[in-house]
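Asker: Residues per chain, in single letters:
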Amino acid sequence: MGDIVVKGLGKAYTRYASRWSRLADWLAPRAIPRGERRWVLREVDFAIWSGETVGLIGLNGAGKSTLLKLIAGAARPTEGTAWVQGRIAAVLELGLGFHPDFTGRENAVLALQLQGFDPSKITRLLPEVEQFAEIGDYFDQPLKVYSTGMQARLAFAVATAERPDALIVDEALSVGDAYFQHKSFERIRQFGAAGTTLLLVSHDKHAILSLCRRALLLDHGRLIMDGDPEGVFDYYNALMAADKAGQIQQRVGVNGGTRTDSGSGEARIESIDLYDTDGRPITVVDVGQAVEVRFAVAVHDDIDGLVLGCGIKDRFGQMMFGTNSFYTGQALTSARRGERLCFRVRFDANLGVGTYSIHASLVRERSHVEKNYHWIDRGFVFEVVNLSKTEFVGLAWNEMRFEIERPDEPPLPEDAPLIVGDIGCRWGFAEPFVGIGADPRFVAYGFDPDPDECARLTERYATLAPGRVTLVPLPLAGRPGRRTLYLTREPACASLLPPDPVLTTQYPALDCARLTETRDIDVRTLADWAGEAGLKRFDYLKLDTQGSELEILRGAGGLLDGTRCIDVEVEFNPIYRGQPLFADIDHFLRSRGFVLWKLTNLVHYSHKDGSNAILGEVAVCHDDAHRHTYPLRGGQLFWADARYIRVDVLTARPPDHPQRCRDEALFAALGAADIIAHAARPLTPDLAGESS
Amino acid sequence: MQSIKSIFKYRQFIIGSIYRNFQLKHRDALLGWAWRLLSPFLMILIYMTVFSQIMPVKFGAADEPFSYGVFLCVGVITWGFFIQTVEQLLVTFIQNAELIKKTGLPRICLPVVAVATAAIDFAIMFAIFFIVAAALGSIGPSFLLMAAPALAVLAALAMGLGLLLGVANVFFRDVEQVFRIGAQFWFWLTPVVYPIAILPDGVQDVIGWNPLTPLMLSLQAAANSVEGPEWGALAYPAGMALLMLFLGARLFRRCADDMADEL
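Each protein sequence line maps, in turn, to chains A and B.
For the first sequence, position 589 matches number 589 in the numbering used here, and the numbering has no gaps at all.
For the second sequence, position 49 matches number 1049 in the numbering used here, and the numbering has no gaps at all.
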């Protein structure tokens, strides 16, 4: 059930010059109709089999909505067939044919009747619709008082009240607020998992990539590509860029003559391209990603000054930022005829999600008023998507760090269990806490995406510490959704990020991280999981997940508020593409009230000979008088283990303070005598007064 | 065949829509559903009392006290049914444009809802009239039997004409305007409130071409129970009704698919 088969599908609209010619056509039909046929969809063939999740993309006017209407039966094809097996539900545009005078409830009944449900079933489904739509008292108010968002909520809730065999979703979801979008996607995902065929239209790359295993690309009414979503999106972006580029030529042709001082042509920008830091051409940029714009410039006449200006404009033409090589002190004072130059401009795309264009100009000196060789608006169009940053609004990205001060909550009683978590627990972890002779107050949770490894560890701890170690076979990430897991030669190096092929082949020691296969998995956040498990805090967390540590920490939300210590692997050079580095993690954890205690297990990589020579000394100072040193060796620093502790762990407290007792038990298990000793330093009089 | 299947498949929607049509009329009224009975009852009461007693018109069997009231009620109620059916059909596709554009609802369901709504309205009104008139002793049970053929032809004519105009109205909104003005003339060119006998012979001949004329005469004759209706007179309107139904169905079939594009 749920197959969708489309064969030779076409839809044409007949356009008449006027109503009168249509009337003439009606009253006296001729072989050749008087109207002009315009095909919006032609010769579309594809089959979606039961349970597939397919994204439909295309520029505006490509025929996406028409195709969905034909499949949903809301319009009839001019030629060909669209056949759906089983019950189909469609969320097309807004509304679903709602009546403004009826209440939400009455409209919901109407829509359910339209789906062919009998009265008893409607009675059963109604409360679920009401609950899912979450519009409160408005459910019994006439629809005319609804906001667009509420209508979208109701429409979606009604259309998906019962799982259909096939679900078609137009961009209706983009009108809802983020919360409801999230909720809708969750339901769509559940339907998909339960076997519903899914056809989804969206411009949101993230939505398509996370929901769909296949994508169709429509262009000018024809199906031009059918394949994996990533590849199809790349092609789509190229198409979009080409489309925009076409517009530029048009505009220059039209406006070129009217701009008196523009485009005199002594030097011209031949091409504008965008690259990532690895030198690959891109059109989709992650928020904050480091990018490089390359301008190829050809000089057609000897000139005595050459300045390149470059700026980024949003889709309304508002300049986001820009400067030129005069202001950066790099103006050229001469260029010869026939010379070819390449300008590279590097910046971080600290932009909000949306479409942006690159504006470029070649002038003689600081501004185009004096002499303007060439001027290009919208020279290159790229899209910014948010893959790695926290949700934010606005046109520019800047990390906002919140610090929340609230009166101390009463410390946990001394005998409350100490909860420890190990994320990425392959090869075992819990011995220090629950092993023989250790403090029996510990409760341990281990997380690993590999269910086999979790089963093995469960067995191992079942005898060692019965009932106190839980293994959770769950991949964690910063947001729930579908992600790719990159499996590597050494299973412990598996990551949510692709390993850098250059590093893993050049450094034999990094061979363990070489990619072997990829697998799509469903990921969740730590906060989500803890919410279900009824867990309020982790006293201690260890993370080693090959690059996803930061996003997992972000996904932990308020769970971190009670955390005393975090051990996390930090990278100084990325082994995986897009991997957050030490600075990113440090930044985040400090914003959440942690301080770095120490870095250990510093791993340097160098070639076999020479460069690991002793370069000097590193010191550990207790105070100015006591200083221990050890030798520092060469080689590039790749990673280390970082230990972060909550600032107030170091607050001096009386020995019987419950928090201090808990900290001592925790840090004793971690073997961190140094931290215990620091916290146990004698109280200064004012501190004693404060914490008594 | 396909149409009957879709009507059955969407029966829940059809029943629900008819219910909503009535609900919509009364939802903001204090007495609510009571108006459904109250308003036809009051109307019939006014015709029967005011026109029969206070403003008596010499008419037919003058000894019959309520004869003009009965005459008026038969004419006005059946005319009302005719007009309401055509008007409902005239606007049904336009009013339900959203449903046509956004759902796979078979188009045939909409005229079914429109006709059923008008028919139920008429049935209530007619039943009340019959009870009141029978209680006053003005008509007997045989009236129903004698009125049935004319009512059937009237309904068929209304459906055929309504469907034809309703589909055309999707593409040419002028149809609605023209029909509303035309209906005013049509009312006075049909012997609804006056007996045809008061017209000059020449005018009577012209009005004879109006397919509603023989229908009205037949119904009024049945109500007055002076003589049995002339069945032969129904042939012309029945022929017109069949023609309208044929044209309406043909146009509907040809254009049903294009409606979504036009609306």
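It is worth saying that the hints were derived from the structure and are not from the lab.
Some hints here could point you the wrong way.
30 Å max Cα-Cα, derived DSSO-like pairs, lysine-lysine [as the list claims (entries may be wrong)]: (1) A:205 <-> B:1101; (2) A:121 <-> B:1101; (3) A:144 <-> B:1101; (4) B:1101 <-> A:7; (5) A:144 <-> B:1005; (6) B:1009 <-> A:121; (7) B:1101 <-> A:183; (8) A:313 <-> A:183; (9) B:1005 <-> A:389; (10) A:598 <-> A:183; (11) A:389 <-> B:1025; (12) A:144 <-> A:205; (13) B:1025 <-> A:7.
Distance ranges between label pairs, derived from CB positions [what the hints assert, rightly or not]: (14) B:1027 <-> A:116: 47 to 57 Å; (15) A:534 <-> B:1009: 42 to 52 Å; (16) A:131 <-> B:1011: 24 to 34 Å; (17) A:128 <-> B:1231: 53 to 63 Å; (18) B:1009 <-> A:131: 23 to 33 Å; (19) A:389 <-> B:1015: 19 to 29 Å; (20) B:1027 <-> A:193: 38 to 48 Å; (21) B:1049 <-> A:142: 37 to 47 Å; (22) A:142 <-> B:1094: 14 to 24 Å; (23) A:116 <-> B:1026: 21 to 31 Å.
It should be emphasised that the depicted structure is a prediction, and the values quoted were computed from it without experimental measurement.
The beta carbon of each residue, even a glycine, is placed where N, CA and C say it ideally should be.
Asker: Now, for every hint given, state plainly whether the structure supports it.
Answerer: These are the hints, each one checked on the structure:
no. : hint                         : in the structure
1   : A:205 <-> B:1101             : 28 Å, holds
2   : A:121 <-> B:1101             : 26 Å, holds
3   : A:144 <-> B:1101             : 20 Å, holds
4   : B:1101 <-> A:7               : 22 Å, holds
5   : A:144 <-> B:1005             : 34 Å, violated
6   : B:1009 <-> A:121             : 15 Å, holds
7   : B:1101 <-> A:183             : 27 Å, holds
8   : A:313 <-> A:183              : 33 Å, violated
9   : B:1005 <-> A:389             : 54 Å, violated
10  : A:598 <-> A:183              : 41 Å, violated
11  : A:389 <-> B:1025             : 54 Å, violated
12  : A:144 <-> A:205              : 33 Å, violated
13  : B:1025 <-> A:7               : 46 Å, violated
14  : B:1027 <-> A:116: 47 to 57 Å : 26 Å, violated
15  : A:534 <-> B:1009: 42 to 52 Å : 48 Å, holds
16  : A:131 <-> B:1011: 24 to 34 Å : 28 Å, holds
17  : A:128 <-> B:1231: 53 to 63 Å : 58 Å, holds
18  : B:1009 <-> A:131: 23 to 33 Å : 28 Å, holds
19  : A:389 <-> B:1015: 19 to 29 Å : 53 Å, violated
20  : B:1027 <-> A:193: 38 to 48 Å : 42 Å, holds
21  : B:1049 <-> A:142: 37 to 47 Å : 39 Å, holds
22  : A:142 <-> B:1094: 14 to 24 Å : 21 Å, holds
23  : A:116 <-> B:1026: 21 to 31 Å : 28 Å, holds
The structure does not agree with the numbered hints 5, 8, 9, 10, 11, 12, 13, 14, 19 stated previously, though it agrees with the rest.
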